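Q: What follows is the residue order along each chain.
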Amino acid sequence: MRALCMLCQKREEERDDVKKYILKRVLISIFTLLAITLVLFILLQLMPGSPFNDEKLSATQKAALNAKYGLDQPIVVQFAKYVYNMFSGNFGVSYNISKNTPISQLIASRLPISIAVGGMAVSLGAIIGLLLGIAAALKHNTFWDTFCTIISVLGVSVPSYVFALGLSYTFGFKLSWLPMLYQNGSPFASSIMPSVALSLFTLASIARFTRTEMLEVLGSDYMLLAESKGISGGPLIVRHALRNSLIPIITVLAPLIVDLMTGSLVVEKIFSIPGVGSLLVTAIQSNDYSVVIALSFIYSAMYIGIMLVVDILYGVIDPRIRLAKESDS
Amino acid sequence: MGSIFNRQPAVVSGPKKETDFFEFLPEDFTLRGGADVTRIDRNFASQNYWVEVRHRFFSNKGAVFSLILVIIIALLAAFGPLMAGYSYSNQNLVQRNFAPRIPGLESIGIFKGDESLQTTTGTKLINGYKEKGLTDVYYWFGSDVLGRDIWTRVWEGTRVSLGIALCAAIIDMIIGMSYGLISGYFGGKVDSIMCRIAEIINGIPRLVIVTLLMLILPRGFVTIVFALMITEWIGMSRIARAEMLKLKEQEFVLASRTLGAKDFFIIFKEILPNTIGQIITQLMFSIPTAIFTEAFLSFVGLGIPVPMCSLGSLISDAFNSFTTHPYQIVPPILVLAFLMLCFNMLADGLREAFDPKLKEM
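Residue numbers (our numbering), protein chains in the order written: chain A, 231 to 559; chain B, 8 to 368.
Because the hints were derived from the structure by calculation, they are not lab data.
All of these numbers come straight from a predicted model, not from anything done at the bench.
Treat each hint with caution, since some may be false.
[As the list claims (entries may be wrong)] With a Cα cut of at most 27 Å, we get these calculated BS3-like pairs of lysine-lysine: (1) A:Lys298 / A:Lys286; (2) B:Lys68 / A:Lys369; (3) B:Lys196 / B:Lys269; (4) A:Lys254 / A:Lys292; (5) A:Lys311 / A:Lys329; (6) B:Lys196 / A:Lys254; (7) B:Lys196 / A:Lys250; (8) B:Lys196 / B:Lys253; (9) B:Lys276 / B:Lys196; (10) A:Lys298 / A:Lys311; (11) B:Lys253 / A:Lys254; (12) A:Lys286 / A:Lys329; (13) A:Lys369 / A:Lys459; (14) A:Lys249 / A:Lys298; (15) B:Lys196 / A:Lys249.
Next comes chain A alone, as it looks inside the complex (with noise of 0.2 Å):
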């Protein structure tokens, strides 16, 4: 009885914990998210020229004009308005791109399409790279592990857009098999390149993590154990070896995303994807200012959302890894 009592409060402490954890895990996240917006709005108040800049205007015609936009307010009052607006999706007009559009719209009809070529590419790298790293793993100093090495070194250290271009050249010129730029009538078949692209890195990656995990796994204890047990073939595997190593790979899922936010720029930019990355691009060439905060602002709650949903993740998954970070800080 005792026994068992100690045990609930082992229980209600460990959840305790997850909480702190989960709690420490927004409350930085909000934070980090705060200081970029404080970053982006320093950088609109550097901006060289004022909106109001010109000559024919008198000193009360200016004071006016501060006064309806707000901007004779303290600059704490304008920094939480802004915040606000940041926050609540109004973004303001893009001023070169396309005249008076609000930038909200323009990033709404958007995101989807680079969704979606993000999600092809992720899961593509995420499943064939775990195919690929198990094997090697099974098949231990063979064929397929001498393949799965090859394929992880070039696929982390040649870029995407190297891939991107190739692929472009043989498929979509030479070819003609698939199309070169991105056709709003086939959408699938003109994202198919792009994701490859995109997803080559990610593939190498998870291939050369999930081998390492694998080995150490098979190589465990309690492998030994499951086996000894009469558990053989693919339960031992997929129940035993694969759940293990899977933990810790979740934890290389998170940077990889962001690499593809970057990667996914100049890919879109290669295939002419009408997406955000194609957009930013677009906006930086033609210094489209506000569209370029409003896409970094995006961008960053994006790679903060992702970072934070991992870290709990991982963090309730595998309880060594929440207590080893509290005793990191």
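Based on the hints, put chain B in the right spot on chain A.
A: Okay, now just chain B, sitting in the frame of chain A:
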């Protein structure tokens, strides 16, 4: 540490009372027999750490091959622009879009300066050199849209890219190393605050920081290095901090402190030399990242301003005509890919050489 005082006194073997009347003779302190009698393991003699590291590194074929390739590329980047006799910024609008033509190789039928153009009427073979009657003009990698020699520009671009990467990596190493070591050494509140700061900076996507910086600062070499500096030091600081946490509890640190060493002496003179392997490895890994980021920035249009060039800007320029003149985009892409590949393999080799335990994986 308190456990030392609780221990039982060590038991000394041999007769105890003898010390009272024992007399030392001079030959008690000479070696009995020569060096050949004393047992020294000649087959597996213990070696200097660096000798072992070097041995392990040079037995890794991939790493040595990469090292050689990196040296070749670096030499070409240093002397390549002088070899062809063109300048990287001189335009020659008459000699535009010439295909590669190399003196020795044209007699055996390759690199004659031919290129096939696909037109509406079918494929057409053209040779700019013959059309313009320029029999003694050679562009080894061809010429670009503005009639500049691609060979010269590629190596000039490699030089710029490598320069940016090296500068950024070294600055990152210094900042990240000091930050991580200090944060790990002092621990407690200092560590906590320093970690939070790093965490927040790390929470902002690199892409966003770099893009915003490039927007407000004038474009150029220094700005790119600065942007890379702000984002890339975090990885280095993490590694330095982890190493510090591992090392600072060890006896040699305690010994040094007992002898009266101050904190900064311990950090930089005692612990730093012990982390050097990890730090060199991380430095090697940060070079390809820097090269890649620079190439990415140039591709997006935030890179080195014209007429200067880098690998990224060459790729981005050639991209516009890569279906009609593919030879223009191939050299910079190959150099970029080889550089990234070689630096990654080099770093892998170094990591294994410094930490042989990893090799078993």
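Q: Flag every earlier hint the structure violates by its number, smallest first.
A: 4, 14
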